[in-house]
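Working from the sequences, and respecting the hints, build out all of it.
Each chain is listed here by its residues.
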Amino acid sequence: MSFEYAEWAKQWMLDGAQWIAAVVIFTGLAQIAFYIVQLVFAAFALSNRPPVPRGATLWRRYSDQAPPIAVLAPAYNEELTVVESVRSLLALQYPDFEVLLINDGSKDGTLARVIAEFGLEKVDRFIDSGVTHQPIRGFYASPRQPRLLVIDKENGGKSDALNAGINACRASLVCAIDADSILESDALLRVVRPFIDEPELTVAAGGTIRIANGCTIDSGRVTHVRLPTNFFALVQIMEYLRAFLMARLALGRMQVLTVISGAFGLFRRQRVVEVGGYSHGTVGEDMDLVLKLHRHMRDLKLDYRIEFIAEPVCWTECPEDARVLGRQRSRWQRGSLECFVRHKTMCLNPRYGRIGIVGFFQILLVDVVGPLVEVLGYLLIPLLWALKLLAWPWLLAFLAATFTFGIFVSAATLILEEVQLRRFPRARELAILALIAVIENFGYRQLSNFWRLQGWWQFVRKQQSWGTMTRKGFGGATGAT
Amino acid sequence: MAAGRGGTHRSSRRREGGVLTTLVALWNFSLALCGVALLALLALLIGRAISGARTDRRAEERRRLSRLLLEGGDIGRPDSALARTEAVRLTIELTELVRGSDREALLANAERLGVVEVLRKRLKSRTPQDRLMASEALAMFPGEADAVTAMLDDRNPDVRLGAALALAQNQVAPPAAELVRKLGLGTTERSLLVVSLMRDLVESDPEGVEAMLYDPALPDSAKLAATDALAASGRVEHAPLVAWMADAATEDSALQPRIYRALGRIGHPGGHAAIRRGLDSPWWQARAAAAEAAGKSGMVAACDKLGELLGDPEWWVRFRAGEALSHLGRSGRNALHYALEDGSDLAREAAKQTLAERGLA
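The listed protein sequences correspond, in order, to chains E and V.
Oh and the first sequence: position 211 is 210 in numbering that gives the first Met the number 0, straight run, nothing missing.
Oh and the second sequence: position 182 is 181 in numbering that gives the first Met the number 0, straight run, nothing missing.
Just so you know, these hints were derived from the structure itself, not from any lab.
For every residue, glycine included, the Cβ atom is placed at its ideal position computed from N, Cα and C.
Please note: incorrect hints may appear among the correct ones.
[Unchecked claim] DSS-like, lysine-lysine: derived pairs with alpha carbons at most 30 Å apart:
1. Lys-351(V) / Lys-304(V)
2. Lys-121(E) / Lys-295(V)
3. Lys-121(E) / Lys-351(V)
[As the list claims (entries may be wrong)] Covered stretches of chain E (in silico footprint by chain V; criterion: 3 or more residues with CB under 8 Å from a CB of chain V, positions within the stretch not fixed):
4. 387-398
5. 403-409
Right, dumping it as structure tokens:
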């Protein structure tokens, strides 16, 4: 009897172990399959995009019809970098744009520095009240800088500052950026293309974010593209390549883009106002806005497009310190989960078409379930194999789903970058990134999943803070947001 | 019974064996895929290293070719692929920078360098980007209009539109009606670049573009692009154009705001009645555009109505009405002050803010 019991228990444990392994491997393979589909779509999108290689051609083709754009740059305690950031924005090549710098109740001398540097004076402005935000304390402008308007408001966070900018601007398109990022001079002319090609349909468009760590920056411009020496910064370059060149480009092509980076996105103002602007009380305000736009347009039963364009580039500084990077990744995970829960009625709901089915399936698979299952796999599968509850092929399949296919996706993204865009000037940089594409899977990937689990935990505990994001600053200065 | 249990065991083992084989195959497949990707990356790296070694040669070739393109001299056909590629690239770059007789000389030198042959070959490329670039570049060369016109039948819409824009810019475009048909203007082709195309077409064929307005088969958006171009050019009589727009504005279409803006740009008194009707439109986008047009075309007679619109529920209408009144001289300012005293809460606020912002308080 006891022997039969032991047999039964052993069989039960064997079956249980295989089920766990099957779930982990299947989830991993589903993600990989989705990534491979994304690679195919991204390759197709890149090879079929209209070529606009140089500034002069770009200007000749688009400047006549380019709609006015309001560039919204929220700033909080940016005293050290704000002047250079504004100068860089005012030097953008675009026929009709205004820069709205929104001082979000900075505690340092951000406002005073901008006022002094650009000779601004307090002015009146007739503004909309379409979206909500903290009270505005004043507007500052100067006839010498007709493109610049500074909005001084009480602190309310990035979403709140962007909402103030939306109310105050008069352009039909609004471009949301981070004040401490650097837009390439022709980025607006490039990102506006979908609004020119499909003016009636395009609601939003996002551009590429690239990492500026290691690059040479002069007068608010990236003059030499170089790789950083810091390992975390190098790994993030690979991550950003996968996120923008592969995922967002493909999702845009499929018309299921669920996020446009808060560091660089162009939106039709009217539609943003209709959805109530940026949401308060979430750390995933950029993703939330895009999901609200999808929901709104689907509810109105209107045709629309939300696009991603690979060529326009916004440069940003990424964290080089594990603690800061960990906080950022936990926050991103929390933001995704918050957005998923806020819009859960869209998930796999045929009423929301491909965004409900494909877009939300992707969030569910990659952002919601992905880190949990992968960490479960790291913990259990080697253990179950060591206890002889799993045969060797199960472990091999797990290694395939996590490591070898992972290396393949990263390598394929690099190939796509090299064949289509060639943005890294030297072969040495490509070789370093190829090396990173392999070694990031051993150690960093697991660490990243641990940070995402932390984000899960913070989400469960309803933690709302942004945490401190320490930056070195492009000019070597220090700042914090 | 025992035999049955043995059969179940065997089938279970077979199933398990099948699963294990699949798992091993998965691992092998992933290894193969990963290996292929890494090898491809290695090949690209080697290619990059080799092309990097040719950088100096390319730079030297560019210097030599730019001198030949700009100054002429003893020009022969380049014998290497590198030189031909650089010659094409330089031609496209330099033609953006020079004008007039310098440009003509540059194009003649480029032709002697064999750039035209290379571009003609690229028109047949499988890559749409290559075909588009070649169409745009080739349209600059005299005598190549037919080759580029053939690209209006290309399967890629970007290539078709790019070829049309290039032809129109070089004043060698086919008649407007043919372009409308080939590009599907207003139906499949909705780009705002169509307005640029029309503006260039107006220069060479104003009557052809004007005739588009009266073609019943043409979609409204194509007509509006033609209207915008005609309004901006001054190459045709404005009165019938305005009459057409005024008539079009009576139709309940999504194009109304653009029509009002075009009427405002022209400023012809014949459009005032239509603009006035627009101020009463139930659609706020039309009201806002009509208010803007009223200000731009100096419709002092619309001041009372614009004063009423300062109390409109939609901010854009209030803003445009205030802006228009501030452009309409003393009558406009009076209307703003009147609204400030006797208007609704919204109107008072709009008037107050408008006067303050524009320094009229």
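Status of each hint after checking the structure:
no., hint, in the structure
1, Lys-351(V) / Lys-304(V), "18 Å, holds"
2, Lys-121(E) / Lys-295(V), "28 Å, holds"
3, Lys-121(E) / Lys-351(V), "17 Å, holds"
4, 387-398, "holds (count 6)"
5, 403-409, "holds (count 4)"
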